[in-house]
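When you get a sec, could you build the whole thing from the sequences and use the hints?
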Amino acid sequence: MKELQYLNKYFVKYKFHFLLGILITIVAQIFSLFTPKLVSKSFKAIEDFHKNNLSDAVIKTELTHNILWIVGTTLIAGVLTFLMRQTLIVMSRHVEFDLKNEVFRHYEVLDQNFYKRNRTGDLMNRISEDVAKVRMYVGPAVMYTINTFIRFTVVIIYMYNVSPLLTLYTILPLPILSFIIFRLSTEINKRSTTFQQYLSKISSFTQEVFSGIRVVKAYALEKQHQDKLVDLAKESKAKSMSLARVQSLFGPLMIALIGVSNLVVIYFGGLMYIDGSIKSIGTIAEFILYVNMLTWPVASIGWVSSLVQEAEASQKRINEFLKIEPEIKNKYKDRSIIAGEIEFKNVTYTYEDTGITALQNVSFTVKKGETLAILGQTGAGKSSILTLITRMDDIKEGQILIDGQPIDQLNLFDLRNSIGIVPQDAFLFSDTIKNNIKFGKENATDDEVINAAQKAVVHSNIINFTQGYDTVLGERGITLSGGQKQRVSIARAIIKDPQILLFDDCLSAVDTETEEQILNNLLEISKGKTTIIVSHRVSSAKNADKIIILEEGQIIQEGTHNQLVNQEGYYAELYLKQLSEKEIH
Numbered sequence: 001m002k003e004l005q006y007l008n009k010y011f012v013k014y015k016f017h018f019l020l021g022i023l024i025t026i027v028a029q030i031f032s033l034f035t036p037k038l039v040s041k042s043f044k045a046i047e048d049f050h051k052n053n054l055s056d057a058v059i060k061t062e063l064t065h066n067i068l069w070i071v072g073t074t075l076i077a078g079v080l081t082f083l084m085r086q087t088l089i090v091m092s093r094h095v096e097f098d099l100k101n102e103v104f105r106h107y108e109v110l111d112q113n114f115y116k117r118n119r120t121g122d123l124m125n126r127i128s129e130d131v132a133k134v135r136m137y138v139g140p141a142v143m144y145t146i147n148t149f150i151r152f153t154v155v156i157i158y159m160y161n162v163s164p165l166l167t168l169y170t171i172l173p174l175p176i177l178s179f180i181i182f183r184l185s186t187e188i189n190k191r192s193t194t195f196q197q198y199l200s201k202i203s204s205f206t207q208e209v210f211s212g213i214r215v216v217k218a219y220a221l222e223k224q225h226q227d228k229l230v231d232l233a234k235e236s237k238a239k240s241m242s243l244a245r246v247q248s249l250f251g252p253l254m255i256a257l258i259g260v261s262n263l264v265v266i267y268f269g270g271l272m273y274i275d276g277s278i279k280s281i282g283t284i285a286e287f288i289l290y291v292n293m294l295t296w297p298v299a300s301i302g303w304v305s306s307l308v309q310e311a312e313a314s315q316k317r318i319n320e321f322l323k324i325e326p327e328i329k330n331k332y333k334d335r336s337i338i339a340g341e342i343e344f345k346n347v348t349y350t351y352e353d354t355g356i357t358a359l360q361n362v363s364f365t366v367k368k369g370e371t372l373a374i375l376g377q378t379g380a381g382k383s384s385i386l387t388l389i390t391r392m393d394d395i396k397e398g399q400i401l402i403d404g405q406p407i408d409q410l411n412l413f414d415l416r417n418s419i420g421i422v423p424q425d426a427f428l429f430s431d432t433i434k435n436n437i438k439f440g441k442e443n444a445t446d447d448e449v450i451n452a453a454q455k456a457v458v459h460s461n462i463i464n465f466t467q468g469y470d471t472v473l474g475e476r477g478i479t480l481s482g483g484q485k486q487r488v489s490i491a492r493a494i495i496k497d498p499q500i501l502l503f504d505d506c507l508s509a510v511d512t513e514t515e516e517q518i519l520n521n522l523l524e525i526s527k528g529k530t531t532i533i534v535s536h537r538v539s540s541a542k543n544a545d546k547i548i549i550l551e552e553g554q555i556i557q558e559g560t561h562n563q564l565v566n567q568e569g570y571y572a573e574l575y576l577k578q579l580s581e582k583e584i585h
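Mapping to full-length UniProt numbering: the sequence shown position 541 is 541, numbers consecutive.
These aren't lab readings, by the way, just hints derived from the structure by calculation. You may find that some hints are simply not true.
Stated by the list, open to error - Derived DSSO-like pairs (lysine-lysine); straight-line CA-CA distance at most 27 Å:
{"no.": "1", "residue 1": "Lys323", "residue 2": "Lys190"}
{"no.": "2", "residue 1": "Lys237", "residue 2": "Lys345"}
{"no.": "3", "residue 1": "Lys201", "residue 2": "Lys190"}
{"no.": "4", "residue 1": "Lys542", "residue 2": "Lys345"}
What you are looking at is a predicted structure, and each value in this text was computed from that prediction instead of being measured.
Right under this line is the structure:
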């Protein structure tokens, strides 16, 4: 129960629902106990009728009166039980809502290294399957535990007041029940944890296959992936069946023990009636009803125990994530006004997961309103510079200054809000094209959306779709071509109108004519903004105020287009190569 203590704050938050539910449960149990008493009273009335030769009218009146009371109290108990479920089960739904939001918010603040170490399917499983298991603890498990405890307490008190000795005989099987529950709970916990882990494996595998379905189909690997899923499903099924076998022991054992209790009541109650310890046969009937009133609470103990064990395993998995501290923290809570000047001072950056040094002693300055182009071969460290500017990662050597202030001393949200970035791998959501563009500015008007699309040279493509800007894209924008996805991403950055624009090789999938149109539009858009363009093409860099060439994380050339094209080195060679390719085409 240690892991489940984390949920105590929610019980405090929803204490009104919780306490009201307990109060209703107590009252409901009191009303439900009228029936055994009235049945006993009816039996006694029948006995008195035969012993004292009472009139038929008297006994009929007595029995009718008792039946009406039984019907009335049963209806009241039923209504109160309904209200109990409405308070305690509704409380569990509130807790489920809050916990899912808490987990999601925590996912959002965790840095990209966390997502490199964890698979998406596993993360999804924690916020869906695991939270659902926890809800079953907060709702049904807690409700039936309270219901069982109160019913046991009230029933045992009533039974004891009628016959202490017969009560003792009746509850004799209960210690055996407790021992069985204790022995099985540990095994359920262990098997439940293993089963949840296999569910995460299946979720991760299927999520990856669905995300890469085009590659799977292109290589005709459907059968191989189906076989892998079958193997995973078989393992998961084996773990599920193993868990089910243990859980299935509870029901029959509970029913058997209740049956034994009924036999005990009949046998010992009969002996006590014969020797005069019990005055009325109605007492035996009353005790049988009491025992049967305990049937579901006793039977539910096993089910509740398994729910608690499963919830414990799930909450442990949730707690593991919630305890993870983000490596990138917003140290500065006050608002930061970003103008846009960027300076790198002797920055060295190494990826922790691979140990690869992406940047070595890199220094450069981009003043507000200037455009910097970064060129270099694949793996030279170009994208790493943009990663550091957006503070997706922090450096351990050197210094990055924004407007003369260390980047980690700025409000993280203000910093990122001031940046419009177009990543190399354009990511679009499964939503309309309009909403994907408005992702950069949620309150943008339709005219602003169209204007941004025109500047990104994608407007003509969009209006050719049947639904135009209301066209709903497939997952990750699969409906669009690579070039169209890049241009929609550019429109998303443009509409944001940020102080800093970052373009990470975002024109690689468009033709040279379209590239030229977009670059001409960017010249106008980037006026007064700090712009950094990462590219493999000289055409994307030639209009920049400054160009740097990276090789193995170091700056090997720096200058303007005219300066670098007249120097021997990487830039001049790239320029001549791409110029000749253009002439050939």
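Status of each hint after checking the structure:
Taking the CA atoms of Lys323 and Lys190, the gap is near 22 Å; set against the 27 Å cutoff, the hint holds. Only pairs whose Cα atoms come within 27 Å are accepted, and Lys237 paired with Lys345 is rejected, the gap being roughly 56 Å. Restraint check for Lys201 and Lys190: satisfied, since their Cα atoms lie roughly 17 Å apart, inside the 27 Å limit. A C-alpha spacing of about 25 Å is found between Lys542 and Lys345, which places the hinted pair at or below 27 Å, so the restraint holds.
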